[in-house]
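S.K.: Sequence:
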Amino acid sequence: DGGDYWFRADAGIPTGAGHILALGVSPGDLNVVFALGSNRQVYKTTNGGTSWAAASAGLPADGSGSRASIVFEPGAPNTLYVSWNMSEGSLFKSTDGGANWEGHDPLPSKIVRQLVGAASTPPALYAALGGPGIYKSTDGALTWSQASSGLPVDVTAYNVRRIAEDPASPNVLYAVSDNDDRVYKTTDGAASWSAVSTEAHRFYSIWVQPGTGHVFTIGIDELGASPTYRTCLFRSTDGGVTFSNLSLAH
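In the numbering used here, the protein residues as written are 1 to 250.
Read the hints as simulated data drawn from the structure, not as lab findings. We put the beta carbon where it would ideally sit given N, CA and C, even for glycine. Among these hints, one or two may not hold up.
[Claimed, not checked] Cβ-Cβ distance ranges computed for the label pairs, FRET-style:
id, residue 1, residue 2, range
1, P108, D181, 20 to 28 Å
2, L30, A168, 15 to 23 Å
3, S51, T242, 40 to 48 Å
4, A57, G3, 32 to 40 Å
5, G58, D139, 15 to 23 Å
6, D139, P77, 14 to 22 Å
7, D181, D29, 36 to 44 Å
8, N171, T212, 16 to 24 Å
9, T242, A54, 40 to 48 Å
10, G103, S194, 30 to 38 Å
11, D96, D10, 39 to 47 Å
12, A168, D29, 18 to 26 Å
Generate the whole structure from the sequences, applying the supplied hints.
M.R.: Printed below as a string of structure tokens:
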């Protein structure tokens with residue numbers, strides 16, 4: 001009903017799962033959804049959320065995380081990757097729809113803040129890391145190379161917070177950082193990055209709307225002559241150059 005009414009759909013997910021940090025809907029079947037718990041376990045439904053079951057074979061039996069990502073490989077809905085921002089290993093791959101997982105951790109940092117996939121040729125994975133910046137893989141997470149050229153040192157040396165791909169243009173991605181108030185963009189598959197936003201906001205999240213290409217962010221806005229600060233929703237219709245505040249009237 002367009003979000004007018006919501007109901008719980010977590011039957012089978014134990015309370016020990018903690019917070020659900022990420023959801024991923026299979027591109028091959030919209031009734032197949034994966035949920036990533038803060039206990040570093042994966043849960044799967046095949047009936048649109050009516051019931052869930054553990055899908056964690058091969059994952060560590062203990063641990064916790066505060067951020068997680070799930071990515072499906074383009075054209076191969078049974079191949080998927082999950083990550084948590086964990087210090088003891090955080091990137092895992094399944095090639096059988098989540099029945100089994102194996103660790104893939106050739107990254108220079110175990111703190112994977114976000115994992116993003118792009119339907120380029122070949123398909124690419126991008127990892128936003130806690131420390132070294134952005135890394136890219138084009139061989140199914142077997143090997144990675146740094147993809148941070150153009151990002152200033154104060155971004156790459158600390159934390160790239162979020163990255164987002166343009167579904168219509170797989171070589172176009174956006175990035176925001178913990179310690180920089182600008183939006184960065186690449187149009188060549190992360191071979192090079194440049195700051196594109198003309199306005200300074202402390203951006204915390206970023207995504208691209210399919211179909212329109214509009215860029216949305218969550219960030220902090222200063223309000224009033226003696227500024228107070230409020231978390232707001234922003235939208236850009238010009239590729240991240242300018243943003244308008246879509247939040248309700250202050």
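S.K.: Compare the structure with the hints numbered earlier in the document and write down the numbers of the violated ones, lowest to highest.
M.R.: 11
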